[in-house]
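In full-length UniProt numbering, the protein residues as written are 1 to 112.
None of the hints are false.
Think about it this way: if two alpha-carbon atoms lie no more than 25 Å apart in a straight line, the pair counts; the simulated DSS-like pairs of lysine-lysine are: (1) LYS94 - LYS16; (2) LYS3 - LYS104; (3) LYS94 - LYS11; (4) LYS78 - LYS3; (5) LYS104 - LYS76; (6) LYS76 - LYS3; (7) LYS16 - LYS33; (8) LYS16 - LYS104; (9) LYS16 - LYS76; (10) LYS16 - LYS78; (11) LYS78 - LYS33; (12) LYS3 - LYS33.
Keep in mind that the hints were calculated from the coordinates and are not lab data.
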Amino acid sequence: MAKIIVVTSGKGGVGKTTTSASFASGLALRGHKTAVIDFDVGLRNLDLIMGCERRVVYDLVNVIQGEANLNQALIKDKKCENLFILPASQTRDKDALTRDGVEKVLNDPRPA
Numbered sequence: 001m002a003k004i005i006v007v008t009s010g011k012g013g014v015g016k017t018t019t020s021a022s023f024a025s026g027l028a029l030r031g032h033k034t035a036v037i038d039f040d041v042g043l044r045n046l047d048l049i050m051g052c053e054r055r056v057v058y059d060l061v062n063v064i065q066g067e068a069n070l071n072q073a074l075i076k077d078k079k080c081e082n083l084f085i086l087p088a089s090q091t092r093d094k095d096a097l098t099r100d101g102v103e104k105v106l107n108d109p110r111p112a
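Please work from the sequences and hints to get the whole structure.
What follows is the structure, encoded as structure tokens:
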């Protein structure tokens, strides 16, 4: 069974995305298949930090709304074999993050 680790804070600009990227990279470098998911809809920047912003085809909201499946939306990191990134939507409304939708993504955390 997959383990889920959440990095959260009620305040912006405290390093949640940077911490998530570093932690996920460290796990992947140690041989763990790792998916890091950006839930910051409208303010995404995990893909920028991870250097894959030009490779985004589908995002978290596309998966939640059934427009893409998880494997289609995950971006394989070019430097780290075991690391996959799922960016948040840049333009969609946060209302797209429903409980059922988030559970759908988290209950299928299988990197390709």
